[in-house]
Amino acid sequence: MAQITLKNLAHSYDPTPRSEADYALKEMDHIWEDGGAYALLGASGCGKSTLLNIISGLLRPSHGRVLFGETDVTDAPTAARNIAQVFQFPVVYDTMTVRENLAFPLRNRKMDPGYIKARVDQIAAMIGLEAELSRKARGLTADAKQKISLGRGMVREDVNAILFDEPLTVIDPHMKFELRTQLKSLHREFGHTMIYVTHDQTEALTFADKVVVMHDGRVVQMGTPEELFERPAHSFVGYFIGSPGMNFFEAEIAGAHAIVNGVEVPLGATHGPVPGRTRIGIRPEFCVLDRAGGLPFQIRRIEDVGRHRIIRGEVMGTEVNITVPEGTEIAADATRILFAPEKINVYADDWRVAPLGEEM
Amino acid sequence: MDKTLNNKAWFLVAPVLVLVAFSAVVPLMTVVNYSVQDTFGNNQFFWAGLDWFDQMLHSERMWAALGRQAIFSAIILAIEVPLGIFVALNMPKKGFWASVCLVLMALPLLIPFNVVGTIWQIFGRVDIGLLGYALAKLGIGYNYTANAFDAWVTVVVMDVWHWTSLVALLAYAGLQSIPEAYYQAAKIDQASRWSVFRYIELPKMQGVLLIAVLLRFMDSFMIYTEPFVLTGGGPGNSTTFLSIDLVKMAIGQFDLGPAAAFSLMYFLVILAISWVFYTVMVNLDKAEGK
Numbered sequence: 001m002a003q004i005t006l007k008n009l010a011h012s013y014d015p016t017p018r019s020e021a022d023y024a025l026k027e028m029d030h031i032w033e034d035g036g037a038y039a040l041l042g043a044s045g046c047g048k049s050t051l052l053n054i055i056s057g058l059l060r061p062s063h064g065r066v067l068f069g070e071t072d073v074t075d076a077p078t079a080a081r082n083i084a085q086v087f088q089f090p091v092v093y094d095t096m097t098v099r100e101n102l103a104f105p106l107r108n109r110k111m112d113p114g115y116i117k118a119r120v121d122q123i124a125a126m127i128g129l130e131a132e133l134s135r136k137a138r139g140l141t142a143d144a145k146q147k148i149s150l151g152r153g154m155v156r157e158d159v160n161a162i163l164f165d166e167p168l169t170v171i172d173p174h175m176k177f178e179l180r181t182q183l184k185s186l187h188r189e190f191g192h193t194m195i196y197v198t199h200d201q202t203e204a205l206t207f208a209d210k211v212v213v214m215h216d217g218r219v220v221q222m223g224t225p226e227e228l229f230e231r232p233a234h235s236f237v238g239y240f241i242g243s244p245g246m247n248f249f250e251a252e253i254a255g256a257h258a259i260v261n262g263v264e265v266p267l268g269a270t271h272g273p274v275p276g277r278t279r280i281g282i283r284p285e286f287c288v289l290d291r292a293g294g295l296p297f298q299i300r301r302i303e304d305v306g307r308h309r310i311i312r313g314e315v316m317g318t319e320v321n322i323t324v325p326e327g328t329e330i331a332a333d334a335t336r337i338l339f340a341p342e343k344i345n346v347y348a349d350d351w352r353v354a355p356l357g358e359e360m
Numbered sequence: 001m002d003k004t005l006n007n008k009a010w011f012l013v014a015p016v017l018v019l020v021a022f023s024a025v026v027p028l029m030t031v032v033n034y035s036v037q038d039t040f041g042n043n044q045f046f047w048a049g050l051d052w053f054d055q056m057l058h059s060e061r062m063w064a065a066l067g068r069q070a071i072f073s074a075i076i077l078a079i080e081v082p083l084g085i086f087v088a089l090n091m092p093k094k095g096f097w098a099s100v101c102l103v104l105m106a107l108p109l110l111i112p113f114n115v116v117g118t119i120w121q122i123f124g125r126v127d128i129g130l131l132g133y134a135l136a137k138l139g140i141g142y143n144y145t146a147n148a149f150d151a152w153v154t155v156v157v158m159d160v161w162h163w164t165s166l167v168a169l170l171a172y173a174g175l176q177s178i179p180e181a182y183y184q185a186a187k188i189d190q191a192s193r194w195s196v197f198r199y200i201e202l203p204k205m206q207g208v209l210l211i212a213v214l215l216r217f218m219d220s221f222m223i224y225t226e227p228f229v230l231t232g233g234g235p236g237n238s239t240t241f242l243s244i245d246l247v248k249m250a251i252g253q254f255d256l257g258p259a260a261a262f263s264l265m266y267f268l269v270i271l272a273i274s275w276v277f278y279t280v281m282v283n284l285d286k287a288e289g290k
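Going down the list, the sequences are from chains Z and P.
If you're matching positions, the first sequence starts at 1 in the UniProt record's numbering and goes up one per residue.
If you're matching positions, the second sequence starts at 1 in the UniProt record's numbering and goes up one per residue.
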């Protein structure tokens, strides 16, 4: 096991990239701590899988280095990296039994047969396939096949990291929850570094200690779920995390105030001069309706989503959402919106600007 | 639920029935007709019962041809299937060269059978053929018109040249359908090249290989034109396969009765072997699914 370091890493599928747009991964420096449970979150096509394949060695990065601990493995083949990877769609060896499938990575590494048997039984119990162990894999359902894939990924105890590339896409919703819980307990038990690629924020937030958000070939933020929620480093994180996403307003920043369409909005902290296109972002959870003060708000519709309600509306042409607890009265004359000042984040050209005095 | 009875729809099937009757049933029944009668021309027929079948079953000539035929099919299957798979495995998967390979591979399949025979007939000639002449210059005594072994080698090589592409193209199609993730997973699992072939590629190619084996078996078992043009069945009877013998009997000797009986048995043998092949392979497939 080892810490995985990506140094000035970038990748282009184009052999002669001309502009930044030709890069699937823009240059990045990133460290995956040993034993961490990471979720790699981002929209489809943002470079998540590319990054994963670079770590596992299925793809050689066009620029930069990959280090495992102190060892440079940029040019090392997959086999030498001792990495396990689970793919989006089930990969099983059709003609083998479930048992042979699970034992395959161990057999290829010439492990002791007694150990293999014990380990396979243990994994089979974990993924709930004990009863099917001697069946051929080809007759099984997609669910069961993907469980075999997961099992093969977890069967080796000595791996440097286990990479999951949207592994639960084909699994039933209730099984998803169960398997995710098992992955989590597996992580606690063995302490493998795990990187879990997904575009589902619930999956990411429940699985990981640290969530890495990617956007357009870049890592835009790494943090705990709480940090991503409270202080999104990039407007994409604001949109992508949370349901509904963050509200943004074009604003001018003047010290401890922002000016939105001529109305002064108090901020929780003081900002120095902010260059570029400036906006403020506020989560729907931190907005409240009011009768006076704040910005004018027009309600469009109200959605009941169980534990809370979402009020959808407009502030001077900008779409805005407000989340209120279940059962909250919504007064007919509540035509203004107020923001919790300390929950407002300031953005310049999509990147968050830290207020004066905040530690980075 | 009450079904609406409307038998008019049967009329719509009629064209197909007529077509099949003329293309298959009528010719086949003609053969059956000949196989149970004797004729001396003038459209005079005499009932012969199963005599011709009996005669053919006890004909050494037919058994010898069947033996040669079986050996020929076995040899070409044993060469073309593994070779075709090997070629497919080594073809580029995409890009310009993949297209070039595909076109080159398809070329032999597009050449008319008698042209293939003629090409090899000339190619192998000791006096003017590139192959025959070169071998002679190298001091290798090769003459497919005089030596039975040389004739066999030439016929087999010709068939391999002509038909391996078919197996290769089918296997290639099978290989192309394997998602990249399988190869990636195999790398992660540290599978050897052999394991990748044995546990990923071969199982995924099974379906197309079944078709390839069946096609190659049936075609090779009925082969006529190429060896007929190349060797005419000689030297002696050494490359006289079933079809060649059948044509000699029917058109050369005008023994229509025995030839018809022979044809029917030939047809049944191919049908039976193909059925056994298919059943065995499909059952293997099912048994593995358990």
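Incorrect hints may have been included.
Calculated pairs, DSSO-like style, for lysine-lysine (alpha carbon to alpha carbon, straight line, at most 27 Å) [stated by the list, open to error]: (1) 7(Z) x 187(P); (2) 110(Z) x 187(P); (3) 187(P) x 184(Z); (4) 8(P) x 136(Z); (5) 117(Z) x 248(P); (6) 210(Z) x 7(Z); (7) 136(Z) x 187(P).
Everything labelled a hint here was simulated from the structure, so no lab data went into it.
Quick rundown of the hints versus the structure:
1. 7(Z) x 187(P): holds (24 Å)
2. 110(Z) x 187(P): holds (16 Å)
3. 187(P) x 184(Z): The hint holds at about 25 Å.
4. 8(P) x 136(Z): With a Cα-Cα distance of about 49 Å, the restraint between residue 8(P) and residue 136(Z) is violated, given a limit of 27 Å.
5. 117(Z) x 248(P): violated (65 Å)
6. 210(Z) x 7(Z): holds (20 Å)
7. 136(Z) x 187(P): Status holds; Cα separation ~22 Å.
When the structure is compared with the earlier hints, violations turn up for hints 4 and 5 and for no others.
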